[in-house]
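**Q** Residue numbers (the numbering used here), protein chains in the order written: chain A, 1 to 212; chain B, 213 to 278.
No lab work stands behind these hints, which were simulated from the structure alone. Values in this document were obtained by computation on a predicted structure and should not be read as measured data. Check each hint, because a few of them may be wrong.
Here are the simulated distance ranges between beta carbons [what the hints assert, rightly or not]:
#1 G27/A to V236/B: 30 to 36 Å
#2 G192/A to V236/B: 35 to 41 Å
#3 P14/A to G232/B: 40 to 46 Å
Quick look at which bits of chain A chain B covers, simulated, 3 or more residues with Cβ under 8 Å [unchecked claim]:
#4 7-15
#5 41-50
#6 142-156
Ideal Cβ positions, reconstructed from N, Cα and C, are used throughout, including at glycine.
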Amino acid sequence: MITLYAITDHPTPPVPRLGEMRVVPSGDLAAVCGPVIKGEVTAEALWQHEQLVEALMQDRDVLPVRYGTCLPDDAAAERTLQDNHAEFAASLDTVRGAVELAVRVFAALDRAHVPTPAAAPMTGAEYLRARARSAAEESDATVIVHSPLARAARACTVARVNRPGELLRAAYLVDRDQTAPFAAHVKEIQEGNPQLRITCTGPWPPYSFAGS
Amino acid sequence: MTTLAEQDIGLVDLIDRLLGGGVVIAGDITLAAADVDLVYVGLRALIASVATATEKGVLPGMGSAL
Numbered sequence: 001m002i003t004l005y006a007i008t009d010h011p012t013p014p015v016p017r018l019g020e021m022r023v024v025p026s027g028d029l030a031a032v033c034g035p036v037i038k039g040e041v042t043a044e045a046l047w048q049h050e051q052l053v054e055a056l057m058q059d060r061d062v063l064p065v066r067y068g069t070c071l072p073d074d075a076a077a078e079r080t081l082q083d084n085h086a087e088f089a090a091s092l093d094t095v096r097g098a099v100e101l102a103v104r105v106f107a108a109l110d111r112a113h114v115p116t117p118a119a120a121p122m123t124g125a126e127y128l129r130a131r132a133r134s135a136a137e138e139s140d141a142t143v144i145v146h147s148p149l150a151r152a153a154r155a156c157t158v159a160r161v162n163r164p165g166e167l168l169r170a171a172y173l174v175d176r177d178q179t180a181p182f183a184a185h186v187k188e189i190q191e192g193n194p195q196l197r198i199t200c201t202g203p204w205p206p207y208s209f210a211g212s
Numbered sequence: 213m214t215t216l217a218e219q220d221i222g223l224v225d226l227i228d229r230l231l232g233g234g235v236v237i238a239g240d241i242t243l244a245a246a247d248v249d250l251v252y253v254g255l256r257a258l259i260a261s262v263a264t265a266t267e268k269g270v271l272p273g274m275g276s277a278l
């Protein structure tokens, strides 16, 4: 069994001497593979995996493969490249020369006064008011944060928010040489909107734009 | 309400990407999508003890000020 880290163009620069990575080529694409990851899925294991993909990303365009993807052998990797050639080639073109930046927006205000079901049962009217307020805040975050950032990016994705107080969870595909201006843009929006708490991490390999 | 500490954001963004993003290939996947929530739960407990979680830097100028 082998682990698949990323898909890239072929020919490709020599892969970094990390994690026993190696290239399995097929036509104008290549799969970067390595030994199967053993052991528990821990934060450390995820960061190690990420480190390898980021090292690859330094000097080539990559389509990162979902963590934990294993194939029986090199022949299976070649088949995967052949069977999905059109899709992979198109996705590589989409992310060429770009990286991913992750942005989250939270409500910065101390919302401890908002009753939670555990702390104090809400009446129906209170619940509806809280829901309406939350929806309005999400809408504001979209207008204030997402819209201008989307215009500064090559592409974007918005995921469903899934945490208390989270108003926006988005990813932006940004040209490699535009990450600093993008970050400055985020900072500017943050400074003008103290009611929001905005986080921006990256640059990441384009996980959210890899095509599946 | 609990909010994510700054050092947690990098790890949460990482988990979202590695376990929820990337090319999905038909094959012998060792980690099914259905397991992601369980991994989250397990990893949340680890976050505080993982030094590398803060290394994924938040972009220049984007750190503790936010």
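**Q** Look at each hint and say if it fits the structure.
**A** Okay, the hints, checked on the actual structure:
Taking 30 to 36 Å as the suggested C-beta distance range, the pair G27/A and V236/B does not conform, at roughly 21 Å. Checked against the given bound of 35 to 41 Å, the beta carbons of G192/A and V236/B, roughly 38 Å apart, stay inside it. The given range of 40 to 46 Å is broken by P14/A and G232/B, whose C-beta atoms sit roughly 31 Å from each other. Check on the stretch 7-15 of chain A: 1 of its residues sit with their Cβ under 8 Å from a Cβ of chain B, so the three-residue criterion for coverage is violated.
Coverage of a stretch by a chain is defined here by at least three residues with a beta carbon nearer than 8 Å to that chain's beta carbons; for the stretch 41-50 of chain A and chain B the count is 8, and the condition holds. Here's how the stretch 142-156 of chain A fares: 0 of its residues keep a CB closer than 8 Å to some CB of chain B, so the rule of at least three is not met and the hint is violated.
Of the numbered hints listed earlier, those contradicted by the structure are 1, 3, 4 and 6.
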